[in-house]
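Protein chains in written order, with our numbering: chain A, 1 to 605; chain D, 606 to 960.
Rather than coming from a laboratory, the hints here were simulated on the basis of the structure. Don't take each hint at face value.
Computed from the model, here is a short list of chain A residues facing chain D with C-beta under 8 Å [said to hold, decoys possible]:
no., residue
1, F444
2, A445
3, P446
4, E449
5, R478
6, Y479
7, D481
8, I520
9, L525
C-beta: ideal position from N, C-alpha, C; glycine also.
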Amino acid sequence: MSSADQRPRACPVCGRQAGRARDCAECGWTLQKVWRPGPVTAQLREDFGRRLSAAQRRFDAHAAALVSTDRDRLTSWIRGGRPDDVEWVAALREAAKAADGAADQAPACATVLTALRDLPSGSEAVIVEIGPEGIGVTRAALDRLGTPLLREQPVTPWALLVPLLSTTEEERLFQLAGGIATLDRDLLTGYLADATRLVTVPAEATGTLVVCQPAGWRILEEAARHLAAAAPHGTLIRVAGAPAEGNGVVGSLRKRMPLLRSYGLVVATIAPATGAISLGMRPLFQPGDAQGAESVLTLRRAPGDRDATTLAVAVEGETADSDGTTIDRGALNVLSLHEMPPLDEPVYRVRAVLEAPGRVRFTEPAGITPLGRSWPETAAAIPRRVDVLPGPVDLVCALELAGDKPQVDRRRDLIRDLLEHLDDEFTDPGQLRVGLLGCRDHVFAPGEERRPVVRRQPLGTPADALLALENFRGTDVRYMDAAPLEDLLHEAHRMLAGSSAQGRSARLLLVARRRPHPRILGPDLVQPCPFDCDWRRLAQGLAASGVPVVAVADVLSRRAATHGFWADVGQAGLHSLAETSARKVGADLGVTARPGQRIGIPLPA
Amino acid sequence: MTVTSGGPQGIRALGRIGLWGAPTCGKTTFLAALNIAVSQAAAQELMIFGVDDASTDFLVDNTAKLTSERKFPAGTIYSGNQYSWVLRMETQVPERRRFGRQTMTTVPLEMNLDLMDEPGRVFKDVQREPDPAAPGGGGQNLGFDDDDDDGDIDADSDAGTVVTEDSVMDQLASCDGLLLLFDPTREWTEGDAFNHFQGTLLRIAQRRMAGQTVPGGRLPQYVAVCATKFDHPDVYRRAKNGGYRRFAADDPAMFPQVADELAEKFFADLVRQSERGNADLVAMALRRYFEPDRVRFFITSAIGFYKSRRSARFQEADFMNTVRQADGTYQIRGAVHPINVVEPLVWLGQSLAAR
Numbered sequence: 001m002s003s004a005d006q007r008p009r010a011c012p013v014c015g016r017q018a019g020r021a022r023d024c025a026e027c028g029w030t031l032q033k034v035w036r037p038g039p040v041t042a043q044l045r046e047d048f049g050r051r052l053s054a055a056q057r058r059f060d061a062h063a064a065a066l067v068s069t070d071r072d073r074l075t076s077w078i079r080g081g082r083p084d085d086v087e088w089v090a091a092l093r094e095a096a097k098a099a100d101g102a103a104d105q106a107p108a109c110a111t112v113l114t115a116l117r118d119l120p121s122g123s124e125a126v127i128v129e130i131g132p133e134g135i136g137v138t139r140a141a142l143d144r145l146g147t148p149l150l151r152e153q154p155v156t157p158w159a160l161l162v163p164l165l166s167t168t169e170e171e172r173l174f175q176l177a178g179g180i181a182t183l184d185r186d187l188l189t190g191y192l193a194d195a196t197r198l199v200t201v202p203a204e205a206t207g208t209l210v211v212c213q214p215a216g217w218r219i220l221e222e223a224a225r226h227l228a229a230a231a232p233h234g235t236l237i238r239v240a241g242a243p244a245e246g247n248g249v250v251g252s253l254r255k256r257m258p259l260l261r262s263y264g265l266v267v268a269t270i271a272p273a274t275g276a277i278s279l280g281m282r283p284l285f286q287p288g289d290a291q292g293a294e295s296v297l298t299l300r301r302a303p304g305d306r307d308a309t310t311l312a313v314a315v316e317g318e319t320a321d322s323d324g325t326t327i328d329r330g331a332l333n334v335l336s337l338h339e340m341p342p343l344d345e346p347v348y349r350v351r352a353v354l355e356a357p358g359r360v361r362f363t364e365p366a367g368i369t370p371l372g373r374s375w376p377e378t379a380a381a382i383p384r385r386v387d388v389l390p391g392p393v394d395l396v397c398a399l400e401l402a403g404d405k406p407q408v409d410r411r412r413d414l415i416r417d418l419l420e421h422l423d424d425e426f427t428d429p430g431q432l433r434v435g436l437l438g439c440r441d442h443v444f445a446p447g448e449e450r451r452p453v454v455r456r457q458p459l460g461t462p463a464d465a466l467l468a469l470e471n472f473r474g475t476d477v478r479y480m481d482a483a484p485l486e487d488l489l490h491e492a493h494r495m496l497a498g499s500s501a502q503g504r505s506a507r508l509l510l511v512a513r514r515r516p517h518p519r520i521l522g523p524d525l526v527q528p529c530p531f532d533c534d535w536r537r538l539a540q541g542l543a544a545s546g547v548p549v550v551a552v553a554d555v556l557s558r559r560a561a562t563h564g565f566w567a568d569v570g571q572a573g574l575h576s577l578a579e580t581s582a583r584k585v586g587a588d589l590g591v592t593a594r595p596g597q598r599i600g601i602p603l604p605a
Numbered sequence: 606m607t608v609t610s611g612g613p614q615g616i617r618a619l620g621r622i623g624l625w626g627a628p629t630c631g632k633t634t635f636l637a638a639l640n641i642a643v644s645q646a647a648a649q650e651l652m653i654f655g656v657d658d659a660s661t662d663f664l665v666d667n668t669a670k671l672t673s674e675r676k677f678p679a680g681t682i683y684s685g686n687q688y689s690w691v692l693r694m695e696t697q698v699p700e701r702r703r704f705g706r707q708t709m710t711t712v713p714l715e716m717n718l719d720l721m722d723e724p725g726r727v728f729k730d731v732q733r734e735p736d737p738a739a740p741g742g743g744g745q746n747l748g749f750d751d752d753d754d755d756g757d758i759d760a761d762s763d764a765g766t767v768v769t770e771d772s773v774m775d776q777l778a779s780c781d782g783l784l785l786l787f788d789p790t791r792e793w794t795e796g797d798a799f800n801h802f803q804g805t806l807l808r809i810a811q812r813r814m815a816g817q818t819v820p821g822g823r824l825p826q827y828v829a830v831c832a833t834k835f836d837h838p839d840v841y842r843r844a845k846n847g848g849y850r851r852f853a854a855d856d857p858a859m860f861p862q863v864a865d866e867l868a869e870k871f872f873a874d875l876v877r878q879s880e881r882g883n884a885d886l887v888a889m890a891l892r893r894y895f896e897p898d899r900v901r902f903f904i905t906s907a908i909g910f911y912k913s914r915r916s917a918r919f920q921e922a923d924f925m926n927t928v929r930q931a932d933g934t935y936q937i938r939g940a941v942h943p944i945n946v947v948e949p950l951v952w953l954g955q956s957l958a959a960r
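Isolated chain A, as found in the complex (with noise of 0.2 Å):
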């Protein structure tokens, strides 16, 4: 007598210990009927070799369902050879209906983080994945940033966990699926119930998840819930599928896994009055978002600044250990910085995808690479505050004509270039506007005293007024000791009236060689403005209105630099004309950026 004949009688369709039951009460075989009259014949035969047949091959059939929707990849181990299409079609419907109840990979993979969230800090879950690999154990925590920490143990091979399954994979799935009719009942119940002795879960878990995967395979969840019963506050979790990779959730947990908390880019604001620099956020992305998410931020330099820029990827949260750093809410945490090449455009556009929690790649502009600096060096690195202007600018350029021909092309070539340099820059319309003032000299004859002697382009674009500097030619000096600067701050003041209500910076740059005329006749013999023009009132008024002068003198003794019109004019910048240049004097003008005022970090569009 064979072992197999020592064996407890089983039923011939889903191998289930028989007993005395007239039926299975697992598939419902008949294994008893009352004893009928008459020889066994061939046909009798026949006919119950047909029905067992056709039994075990739907049970199996059911197995192989859940596998494969092929029906010919496991037809090898169906008893009772290949299904045909309705026994199929019936099967692959049992299928399904055993994953009743199951969640799809997504949702499950929420359910799972949602638990992940709501750990208490600084403890662990378990999450148990039952799969077609065998029993996977991994520790599972949020870090500070709420970036899934996942510590996976090696996955307990089926092959371990019960030996008696096949070694062979194709037939071992269609096992671990149900195709379990050949199997020794016992001996599996036996060994699923001692799955919990190999599968070791950390006792200070604080609650432990039970994925099983695919749902509806018979093995996995016997096993399942076998392991969620033993756990302390386990939780069953069923996912109808095969998984892409591995046992499914947790290898996907990392990609699949939405941001529980916004992500975004540091960047830096200036505050318009002081050019204080404070640090905000243009958000990235938003929590549930997920891998291969896509951000689009359009943002800009400080004009002038065309260095490297540090784009950091921060996390805004509440969390009280951040790094020190504060921005406008919350604390900032960087998760990553990278470095973008200089740029020609002062506005720009940078595009973000979501790799993963904890991992953004920007894919534009080109040749952004991850930046080997820390935080907090980066941070350091931004000064207080800047002398570069946050908003709309208006900047008149007032220079004086007169004089010799080289000297007035001199001038007239820093102005030239810095209006190049400024529409280089500024290619937002309206952001700068650009007004030009000239003077020829005052006359003092009889009857052309009074004569104007300003000439005037109104507020425009830069590249508008470039074509009118063209017209702005040298005069004649015809009064030694002074020029109309007076008349030209006079002007100015009123060019620029309008700008601080209309929510615009202004700006005046004067390029001249001479002392204004003063408004009374003084110990200097100067002759007095015939206007009346005094360009110590004015200059007040301008200070008074929030318009910083500039002031680029031809020559420019340390005495004028500290005393007098210069010196009172000047107070944003005081420049000798061979020793300046237009980079120098828009960084006093505060239109471009200072050299030793990088911000480094994108401005707010």
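Starting from the known structure of chain A, arrange chain D on it as the hints suggest.
For chain D alone, kept in the frame of chain A given last:
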């Protein structure tokens, strides 16, 4: 300058008036402004005209220079010419009537102004030190001086200098009145007024007092001392700050002036402020060599103060009537309003007529 007057029956000559002043003190400009001053004078009967073509041309040319070209006349260049103008006016003179009664009678008065075009250099001190630089006063002279040659004789012409000095000294010594021009700005920068003054004074004394036997006798000339360039900002400010400035009630333009009674004191203040020279000795010498009541001070300006056409009156904030041009020369800025240019001559004429 010769002064003539006449009673009801006619006009008679009274004497000559000489012009005296250091180099660049503005003698030529003063004379050029005279025609304008006469034209602007309130007295309708006041007029001036040349006695010959050269004198008329001198007057016409230099007046045009001031008014049309708005430039200062070139300094006097010795040519040996003698210019002569007639200044006609009316003045009141005492007339003895019957029974010894004396009444004031208005009489026509003509003064012949005879001017040798003596340059200022002639009035240098007795040592007659060469002055190769011969600047126009130096510093901020603001073009108030006569242009170009500054009234100097060509430094290379030694013979001309000697001849000119003698003839001019003879002329001055023979004058009945003297118009002494004193440039305070030059004194502040050069400090040589007394040097110029004393040489000429001694030469006049030598010519007029030699042979006088009366002890204590003084030179007989009337002297109108004119401190020029009142319109210069530094001079004007000192008048203003010193409390000498006045505005004539009958002057609608309200040009500043220094009243005659304050002029001598202001003159003293002006020379006292010079740290370089001994100009205070000038006033002392004048008192010593001339009869005190025959010396009178005037604060004058040939071109006057600037007044814009849109302004009805003098503006304290903007009164300088010269403008430095791009080439460094000075130009007159606006209309010429001489101050106290005619008045010294009128005083001299009246004084001589009343002798």
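Hints and how they fare:
{"no.": "1", "hint": "F444", "result": "holds, 4 Å"}
{"no.": "2", "hint": "A445", "result": "holds, 7 Å"}
{"no.": "3", "hint": "P446", "result": "holds, 6 Å"}
{"no.": "4", "hint": "E449", "result": "holds, 7 Å"}
{"no.": "5", "hint": "R478", "result": "holds, 6 Å"}
{"no.": "6", "hint": "Y479", "result": "holds, 7 Å"}
{"no.": "7", "hint": "D481", "result": "holds, 6 Å"}
{"no.": "8", "hint": "I520", "result": "holds, 4 Å"}
{"no.": "9", "hint": "L525", "result": "holds, 6 Å"}
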